[in-house]
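Q: So the protein sequences, as listed, match chains Z and L. Each residue of the first sequence is one higher than the one before, starting from 1 at the first, in full-length UniProt numbering. Each residue of the second sequence is one higher than the one before, starting from 1 at the first, in full-length UniProt numbering.
Certain hints may be false.
The list treats identical chains as one, so a pair stands whether inside a single copy or across any two.
Here are the computed lysine-lysine pairs in the BS3-like style, where the Cα-Cα straight-line distance is at most 25 angstroms [stated by the list, open to error]: (1) Lys279 x Lys375; (2) Lys89 x Lys380; (3) Lys343 x Lys375; (4) Lys38 x Lys169; (5) Lys343 x Lys279; (6) Lys126 x Lys166; (7) Lys279 x Lys38; (8) Lys343 x Lys169; (9) Lys169 x Lys315; (10) Lys380 x Lys38; (11) Lys315 x Lys375; (12) Lys169 x Lys279; (13) Lys315 x Lys325; (14) Lys126 x Lys38.
In case anyone wonders, no lab produced these hints; they're calculated from the structure.
Below, each chain spelled out in residue letters.
There are 2 protein chains.
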Amino acid sequence: MMKNKHELVGLDLNDERIETPAFVIDDEKLEANLEFAKTRCRALGVTLRPHLKTHKSWTIAERQMVSPEGPATVSTLAEARYFAVHGVKDMIYAVGIAPQKLRIVSEIRRAGCDLKILLDSVEAAKLVSDYCLRTGETIPALIEIDVDGHRSGLTPENPDIVEVAKALKNGARLAGVLTHAGGSYDCGSIESIREAARCERDGIVAAAEMLRRAGFEVPIVSVGSTPTMAFAEDETGVTEIRAGVYAFFDLFMANLGVAPIDRIAGSVLATVIGHQKAKGQVIVDAGFLAMSRDRSTQRQPTDYGFGLVCDVNGKPIEGGRVIMKGTNQEHGILEAMTGEPLKAEDFPIGMRVRVLPNHACPTAAPYRTMLLLDKEGRVKEELFHVRGWDVSSDEADDE
Amino acid sequence: MMKNKHELVGLDLNDERIETPAFVIDDEKLEANLEFAKTRCRALGVTLRPHLKTHKSWTIAERQMVSPEGPATVSTLAEARYFAVHGVKDMIYAVGIAPQKLRIVSEIRRAGCDLKILLDSVEAAKLVSDYCLRTGETIPALIEIDVDGHRSGLTPENPDIVEVAKALKNGARLAGVLTHAGGSYDCGSIESIREAARCERDGIVAAAEMLRRAGFEVPIVSVGSTPTMAFAEDETGVTEIRAGVYAFFDLFMANLGVAPIDRIAGSVLATVIGHQKAKGQVIVDAGFLAMSRDRSTQRQPTDYGFGLVCDVNGKPIEGGRVIMKGTNQEHGILEAMTGEPLKAEDFPIGMRVRVLPNHACPTAAPYRTMLLLDKEGRVKEELFHVRGWDVSSDEADDE
Chain Z
1 MMKNKHELVG LDLNDERIET PAFVIDDEKL EANLEFAKTR CRALGVTLRP
51 HLKTHKSWTI AERQMVSPEG PATVSTLAEA RYFAVHGVKD MIYAVGIAPQ
101 KLRIVSEIRR AGCDLKILLD SVEAAKLVSD YCLRTGETIP ALIEIDVDGH
151 RSGLTPENPD IVEVAKALKN GARLAGVLTH AGGSYDCGSI ESIREAARCE
201 RDGIVAAAEM LRRAGFEVPI VSVGSTPTMA FAEDETGVTE IRAGVYAFFD
251 LFMANLGVAP IDRIAGSVLA TVIGHQKAKG QVIVDAGFLA MSRDRSTQRQ
301 PTDYGFGLVC DVNGKPIEGG RVIMKGTNQE HGILEAMTGE PLKAEDFPIG
351 MRVRVLPNHA CPTAAPYRTM LLLDKEGRVK EELFHVRGWD VSSDEADDE
Chain L
1 MMKNKHELVG LDLNDERIET PAFVIDDEKL EANLEFAKTR CRALGVTLRP
51 HLKTHKSWTI AERQMVSPEG PATVSTLAEA RYFAVHGVKD MIYAVGIAPQ
101 KLRIVSEIRR AGCDLKILLD SVEAAKLVSD YCLRTGETIP ALIEIDVDGH
151 RSGLTPENPD IVEVAKALKN GARLAGVLTH AGGSYDCGSI ESIREAARCE
201 RDGIVAAAEM LRRAGFEVPI VSVGSTPTMA FAEDETGVTE IRAGVYAFFD
251 LFMANLGVAP IDRIAGSVLA TVIGHQKAKG QVIVDAGFLA MSRDRSTQRQ
301 PTDYGFGLVC DVNGKPIEGG RVIMKGTNQE HGILEAMTGE PLKAEDFPIG
351 MRVRVLPNHA CPTAAPYRTM LLLDKEGRVK EELFHVRGWD VSSDEADDE
């Protein structure tokens with residue numbers, strides 16, 4: 001029953017050898033999206049340090065980074081190990097460090113990758129410095145700055161920033177400051193995204209300046225989010241931008257105005273398995289495990305349910321009026337946005353559709369492989385990627 | 001950097017060799033939950049055909065089924081293949097069939113497993129019969145009945161049921177009727193769950209009787225959902241019950257009144273990585289990939305956010321008042337339900353907590369392994385399971 005790893009190459013998406021649900025990527029759109037960020041960062045005069053958590057794939061990372069050695073950003077140590085094995089030498093693990101994880105950080109660093117960590121308290125800085133003193137290592141750490149109150153970090157004016165840097169000095173090393181303008185996800189207009197980018201820049205530069213006034217070197221001044229990367233006008237004082245979801249884009253980003261729907265590169269291939277004729281519904285074999293439970297477009301101008309339904313070529317059906325209204329674990333329920341019933345004869349059993357996701361990152365995560373499509377919609381390559389958190393898994397080497 | 005597969009056995013959950021987030025299972029609670037369903041089904045005089053989609057693990061399935069050969073229910077063909085490889089001989093793939101999948105169904109059947117499929121239309125029945133005529137096989141199919149309008153199936157009084165059976169006769173074989181009382185998930189009281197169970201039984205028995213009057217044999221009359229399994233009073237005419245989430249239970253089931261919180265067997269082990277002192281928040285390293293985006297308790301009496309926070313031993317902290325209020329991909333934000341600020345000193349960096357999920361199935365799905373814990377909270381066994389949809393993956397054999 002086993003198939004060779006690359007036997008899907010050359011097939012079109014109606015071929016039954018392609019099992020559904022499957023995560024598919026339009027290579028042309030992907031390429032345009034990757035180029036977009038490179039161009040933006042060049043124009044802004046900053047380094048692009050892409051966040052690889054959206055796809056977790058080496059094949060994409062290699063094209064996304066400015067060099068095969070990085071720089072890059074990751075969200076788990078499983079990603080860090082995987083990309084380090086593939087030769088990335090400059091990485092930030094951009095989630096606050098837990099002391100239990102330092103052992104693995106050390107292993108990855110000793111294997112030749114300059115993996116940097118993140119923290120936002122004197123407590124964490126002391127734990128890291130103590131670890132470094134015990135092991136004789138010097139782990140570089142960035143201080144997380146909170147520019148918009150959406151998650152972690154010290155506010156830019158908080159004097160504790162200097163205290164954290166001092167605590168790091170006793171063993172570890174200050175590598176810089178980092179912020180993520182997660183608040184930009186709630187912007188209602190392009191102008192407010194520009195304002196979020198200004199606020200992100202002003203905050204991180206203020207934090208860096210506070211540290212420099214206190215006598216610290218601050219080599220990295222890192223900002224990032226896809227919306228602020230897309231619309232920032234001035235990044236003076238910033239050294240690098242991290243962004244990730246732009247590689248695929250998604251309906252959430254489309255609603256925000258960051259990219260049009262036809263730039264969304266990743267979607268879920270599904271097969272029609274039934275109808276509820278009395279209700280005008282169509283049932284497909286992609287449910288909440290295939291799409292994720294993400295309902296983030298619910299609070300946006302257009303609520304796409306669990307996704308926007310396209311034909312097998314990736315074109316929204318009937319001008320974009322069919323959505324995945326509901327899900328069970330392996331069932332997706334399609335309805336017209338207008339409430340008008342869908343006609344069963346337009347969706348025969350066995351018909352394949354592609355569903356654009358609300359949020360690319362959780363949607364891509366559970367698939368063993370992702371299928372890269374050429375311009376004609378044929379499988380060009382089967383991409384392996386990291387799943388889960390298990391650093392010692394050999395799955396990541398499975399290609 | 002690789003570790004042996006079983007080197008976690010014997011460790012307690014504070015050991016740094018256990019990476020977080022991790023999915024952990026209290027074996028004693030699991031055992032009680034598995035026994036509960038067996039006892040219920042014996043009392044009701046019906047066969048238990050557990051749904052294995054909650055955990056997708058052979059180790060648990062073997063204890064959950066009434067025999068190592070089944071019967072069992074699965075939600076993907078990847079699960080079907082995995083459990084068939086482990087020796088299950090009687091399985092229902094309880095998601096409407098797509099014609100493209102018949103090839104794989106055949107392969108699994110030829111390998112010795114009596115895998116049955118599901119459909120709810122003349123259109124699908126014809127496709128299956130045509131396939132059988134072409135290949136010379138006789139695939140057994142159940143007709144899906146919709147007793148409460150929540151998803152797929154024909155309503156019990158729909159005369160098309162007989163037409164579907166007729167269409168199956170030309171090649172395939174009618175194996176029975178099946179329904180899932182998914183509507184029971186919306187019940188507001190135990191009495192209304194009992195009513196849902198009556199409605200489920202009445203509907204499926206009516207459908208079976210319609211077929212029998214038309215001259216068909218209906219060997220399987222299958223109902224199922226964890227709530228109706230828990231509270232059904234009479235299953236006369238039903239031959240089997242399918243249920244799945246009871247193996248772990250979860251906050252959604254607790255809110256429904258199906259099981260108390262202390263029966264929830266599966267949780268996510270997470271580590272404190274920071275604080276937002278001004279907001280009284282604690283940040284942990286389990287975000288929406290670790291917990292899933294499921295927010296199903298939002299529409300229930302108690303909204304647990306993304307989960308209820310327990311200490312490392314699994315006891316709700318401060319009487320159950322700490323929840324995971326928000327998530328990012330790899331961040332969880334803990335708050336008190338009461339709005340009162342959490343004290344950072346009660347949650348030092350590096351502290352481990354366990355978070356009970358809203359919905360066990362999507363939470364368990366992304367983990368490479370699940371850790372089974374003994375009474376003392378030490379790792380007893382590392383359980384491998386199926387992930388994703390790739391039937392040809394060899395991952396499922398990874399134990």
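Q: Are the hints correct? Go through all of them and say.
A: Comparing the hints with the structure gives:
{"no.": "1", "hint": "Lys279 x Lys375", "verdict": "neither (36 angstroms within a copy, 50 angstroms between copies)"}
{"no.": "2", "hint": "Lys89 x Lys380", "verdict": "neither (28 angstroms within a copy, 38 angstroms between copies)"}
{"no.": "3", "hint": "Lys343 x Lys375", "verdict": "neither (30 angstroms within a copy, 55 angstroms between copies)"}
{"no.": "4", "hint": "Lys38 x Lys169", "verdict": "neither (34 angstroms within a copy, 60 angstroms between copies)"}
{"no.": "5", "hint": "Lys343 x Lys279", "verdict": "within (10 angstroms within a copy, 51 angstroms between copies)"}
{"no.": "6", "hint": "Lys126 x Lys166", "verdict": "within (9 angstroms within a copy, 74 angstroms between copies)"}
{"no.": "7", "hint": "Lys279 x Lys38", "verdict": "neither (47 angstroms within a copy, 37 angstroms between copies)"}
{"no.": "8", "hint": "Lys343 x Lys169", "verdict": "neither (67 angstroms within a copy, 27 angstroms between copies)"}
{"no.": "9", "hint": "Lys169 x Lys315", "verdict": "neither (55 angstroms within a copy, 38 angstroms between copies)"}
{"no.": "10", "hint": "Lys380 x Lys38", "verdict": "within (24 angstroms within a copy, 49 angstroms between copies)"}
{"no.": "11", "hint": "Lys315 x Lys375", "verdict": "within (13 angstroms within a copy, 54 angstroms between copies)"}
{"no.": "12", "hint": "Lys169 x Lys279", "verdict": "neither (65 angstroms within a copy, 28 angstroms between copies)"}
{"no.": "13", "hint": "Lys315 x Lys325", "verdict": "within (18 angstroms within a copy, 37 angstroms between copies)"}
{"no.": "14", "hint": "Lys126 x Lys38", "verdict": "neither (37 angstroms within a copy, 53 angstroms between copies)"}
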